[in-house]
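Undergrad: Protein sequence lines correspond, in order, to chains A and B. Just so we're aligned: 97 in our numbering is position 97 of the first sequence, and the numbers increase by one with no gaps anywhere. Counting from 1 along the second sequence, just add 237 to a position and that's the residue number in our numbering.
Please keep in mind that the hints were generated in silico from the structure rather than gathered at the bench. It cannot be assumed that every hint is accurate.
As the list claims (entries may be wrong) - Label pairs and their calculated CB-CB ranges:
(1) B:Pro419 with A:Ala53: 50 to 60 Å
(2) A:Pro230 with B:Gln360: 22 to 32 Å
(3) A:Thr145 with B:Gln360: 45 to 55 Å
Unchecked claim - Computed list of chain B residues with no C-beta within reach of chain A, every gap over 12 Å:
(4) Ile336
(5) Gly337
(6) Pro340
(7) Arg353
(8) Asp411
(9) Ser540
The C-beta atom is built at its ideal place from N, Cα and C for all residues, glycine as well.
Spelled out from the first residue to the last, the chains are:
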Amino acid sequence: MTGGGPVIPNFGEGSHCVTHNDLFCTDWFTQNWSGVLQPALVQHVELTAKAVAIGFGIAFVAAVAARRLRFVETPFSLFSAFVYTIPSLALFQLLIPITGLTDTTVEIALVGYTLLILFRNILAGLRGVPPDVLESARGMGLTSTQILWRIELPLALPSIVAGIRIAVVSTISLATIAAFVRPVGLGHPIFDAIQDNIFKTELLAAGGLAVALAFVADILLVLTQRVLTPWSHARHA
Amino acid sequence: MADRAEPGAGQAAEIVFDHVTKHYAGRRAAAVNDLSLTIPAGEICVLVGPSGAGKTTAMKLVNRLIDFDEGDIRIDGRSVRDLNEVELRRGIGYVIQQIGLFPHMTVGDNVAVVPRLLGWPKQRVRDRVLELVELVGLEAGDRDRYPSQLSGGQRQRVGLARALAADPQVMLMDEPFGALDPITRNRLQNELLRLHEVERKTIVFVTHDIDEAIKLGDRIAILREGGVLAQYDTPDAILASPADEFVASFVGADRGLKRLALRRLSEIELESPNGTLDDAPRTTAETTLRDALSLMLTEGAESLVVVDAAGEPEGVLSIHRVSRLLAET
Numbered sequence: 001m002t003g004g005g006p007v008i009p010n011f012g013e014g015s016h017c018v019t020h021n022d023l024f025c026t027d028w029f030t031q032n033w034s035g036v037l038q039p040a041l042v043q044h045v046e047l048t049a050k051a052v053a054i055g056f057g058i059a060f061v062a063a064v065a066a067r068r069l070r071f072v073e074t075p076f077s078l079f080s081a082f083v084y085t086i087p088s089l090a091l092f093q094l095l096i097p098i099t100g101l102t103d104t105t106v107e108i109a110l111v112g113y114t115l116l117i118l119f120r121n122i123l124a125g126l127r128g129v130p131p132d133v134l135e136s137a138r139g140m141g142l143t144s145t146q147i148l149w150r151i152e153l154p155l156a157l158p159s160i161v162a163g164i165r166i167a168v169v170s171t172i173s174l175a176t177i178a179a180f181v182r183p184v185g186l187g188h189p190i191f192d193a194i195q196d197n198i199f200k201t202e203l204l205a206a207g208g209l210a211v212a213l214a215f216v217a218d219i220l221l222v223l224t225q226r227v228l229t230p231w232s233h234a235r236h237a
Numbered sequence: 238m239a240d241r242a243e244p245g246a247g248q249a250a251e252i253v254f255d256h257v258t259k260h261y262a263g264r265r266a267a268a269v270n271d272l273s274l275t276i277p278a279g280e281i282c283v284l285v286g287p288s289g290a291g292k293t294t295a296m297k298l299v300n301r302l303i304d305f306d307e308g309d310i311r312i313d314g315r316s317v318r319d320l321n322e323v324e325l326r327r328g329i330g331y332v333i334q335q336i337g338l339f340p341h342m343t344v345g346d347n348v349a350v351v352p353r354l355l356g357w358p359k360q361r362v363r364d365r366v367l368e369l370v371e372l373v374g375l376e377a378g379d380r381d382r383y384p385s386q387l388s389g390g391q392r393q394r395v396g397l398a399r400a401l402a403a404d405p406q407v408m409l410m411d412e413p414f415g416a417l418d419p420i421t422r423n424r425l426q427n428e429l430l431r432l433h434e435v436e437r438k439t440i441v442f443v444t445h446d447i448d449e450a451i452k453l454g455d456r457i458a459i460l461r462e463g464g465v466l467a468q469y470d471t472p473d474a475i476l477a478s479p480a481d482e483f484v485a486s487f488v489g490a491d492r493g494l495k496r497l498a499l500r501r502l503s504e505i506e507l508e509s510p511n512g513t514l515d516d517a518p519r520t521t522a523e524t525t526l527r528d529a530l531s532l533m534l535t536e537g538a539e540s541l542v543v544v545d546a547a548g549e550p551e552g553v554l555s556i557h558r559v560s561r562l563l564a565e566t
């Protein structure tokens with residue numbers, strides 16, 4: 001069942017700490033960093049980045065379409081809200097008969113959960129552009145494409161980044177369950193750790209890495225937004 | 238086309254409204270009804286009237302933010318429908334009450350928007366931005382500030398500079414000073430008149446404030462409900478002889494006084510100073526007739542002495558002369 005995972009101790013080997021299943025064994029952590037934890041972390045980043053990128057692409061097109069054509073909003077909103085309500089394990093089960101025990105199954109599910117948040121935030125950002133700004137842009141002779149790229153999107157950035165932050169953090173958390181389908185990501189060592197007896201060190205290490213990854217990603221996004229939106233924190237001189 | 242470097246550059250253009258009508262869907266009354274008027278090149282035409290008179294609609298028909306149903310509008314003899322609407326708008330300066338500066342762009346970038354759209358070389362854009370920022374009374378350093386860092390008055394100055402940036406033939410201004418406090422508004426009105434001396438554009442200016450219309454307009458078009466033109470003439474002619482009851486009540490019962498405000502002592506023939514006028518109040522030739530009359534009334538005098546810069550008497554104005562001037566048309 002463990003698939004020959006290299007790290008499931010039977011509590012009979014290793015250091016005193018490991019055999020006694022103490023709360024956290026640093027020696028186990030260092031020994032298994034390059035073989036287990038680091039690859040899992042990298043996979044986790046890949047899973048998340050891919051899901052959010054694809055989700056963003058879909059939500060972006062849908063939101064821009066909904067901004068221009070109102071009738072697009074309700075169906076896409078309903079669809080993404082419906083997907084969002086499906087319990088993740090159930091969604092994996094539903095997809096396995098179609099796409100099998102593959103990365104595709106994992107990604108489809110993860111992408112599905114980002115859509116609602118990203119769509120709503122992008123659309124809210126676009127709708128939040130003041131009407132006088134749009135009127136003057138039109139009056140000055142910007143085409144609607146120029147208005148979208150030069151006016152609406154930059155001004156929607158704070159709302160868009162807010163959406164991406166929620167999507168990234170929730171996808172990082174959700175991606176641990178992907179190990180239910182495929183042994184990828186930080187969910188894999190977590191699953192291993194809770195197989196028979198709970199191996200505390202591995203559980204804490206992998207779980208802690210997921211939390212740390214979420215924190216770091218969130219901070220990076222906040223910093224990126226600050227760089228991209230210098231006007232929003234320009235001080236009154 | 239070869240001799241036109243870009244749409245609208247350079248000289249002011251005449252604007253002709255030729256039997257223009259606009260109906261909004263679902264409304265019985267027209268927003269603009271058979272409007273015909275000619276705005277000579279380089280003049281300020283103020284569209285004024287109560288709300289619902291279609292003045293903003295009429296203005297927006299010029300740059301086709303709203304499309305008209307019948308008739309035609311020609312700029313410099315060319316129908317606005319002959320041009321692609323984006324190209325048309327790049328050749329027309331546009332200023333609105335809420336200003337609509339782009340909050341994510343610095344002042345300099347806001348002003349540079351249309352020149353960049355028109356593909357001006359970088360150096361030319363830079364020079365023009367600096368020129369305009371200073372022309373509208375801001376400092377060169379303000380170019381790097383964001384709109385959120387400016388006061389309301391400064392923002393509207395940027396709005397003006399932005400509209401002037403690509404040297405358009407025509408400017409459309411929709412209640413540009415309506416949201417400003419009276420002092421700032423008055424200052425900006427004066428600045429606009431000064432700017433108009435420097436950059437002689439044909440300006441269509443919308444307001445509901447008759448005093449602003451009288452102050453700024455070379456000509457005033459008074460619209461009534463349903464978008465019907467009630468009168469189109471110079472401020473002086475409208476105040477002297479309103480076309481009907483509606484215009485008379487719109488310009489106000491004090492139209493005589495308003496008319497006096499349009500003329501300065503330097504523009505009328507004064508009586509020669511004779512007799513003893515030592516007690517008479519004194520003022521300069523720059524004073525308006527209205528202020529001169531007010532001075533006589535407050536001082537309880539029947540005449541005043543107009544003096545030059547050195548304080549030497551140039552002539553005399555009597556209260557009777559003022560009332561005779563008003564009686565003339």
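Undergrad: Run the C-beta distances from proline 340 of chain B to all of chain A and say if the shortest one exceeds 12 Å.
TA: For proline 340 of chain B, whose nearest Cβ neighbour in chain A is about 6 Å away, the distance does not exceed 12 Å, so it is violated.
Undergrad: That 22 to 32 Å hint for proline 230 of chain A and glutamine 360 of chain B (C-beta), does it hold up?
TA: holds (25 Å)
Undergrad: Please settle this one: isoleucine 336 of chain B was flagged as non-interface, so is its CB more than 12 Å from every CB on chain A?
TA: Violated: least Cβ distance 7 Å, not greater than 12 Å.
Undergrad: Non-interface claim for aspartate 411 of chain B: all C-beta distances to chain A beyond 12 Å?
TA: violated (9 Å)
Undergrad: Taking the minimum C-beta separation from serine 540 of chain B to chain A, is that value above 12 Å?
TA: holds (52 Å)
Undergrad: Given the hint of 45 to 55 Å, is the C-beta distance from threonine 145 of chain A to glutamine 360 of chain B inside that range or not?
TA: violated (27 Å)
Undergrad: Is 50 to 60 Å a correct range for the gap between the Cβ atoms of proline 419 of chain B and alanine 53 of chain A?
TA: Since the Cβ atoms of proline 419 of chain B and alanine 53 of chain A sit about 54 Å apart, the hinted range of 50 to 60 Å holds.
Undergrad: Should the label of arginine 353 of chain B as a non-interface residue stand, given a Cβ cut-off of 12 Å to chain A?
TA: About 10 Å separates arginine 353 of chain B from the closest Cβ of chain A, which leaves it inside 12 Å; violated.
Undergrad: Any Cβ of chain A at or closer than 12 Å to glycine 337 of chain B, or is the non-interface label fine?
TA: Glycine 337 of chain B not clear of chain A: closest Cβ-Cβ about 3 Å, inside 12 Å.
Comparing the model with each numbered hint stated earlier shows that hints 3, 4, 5, 6, 7 and 8 do not hold.
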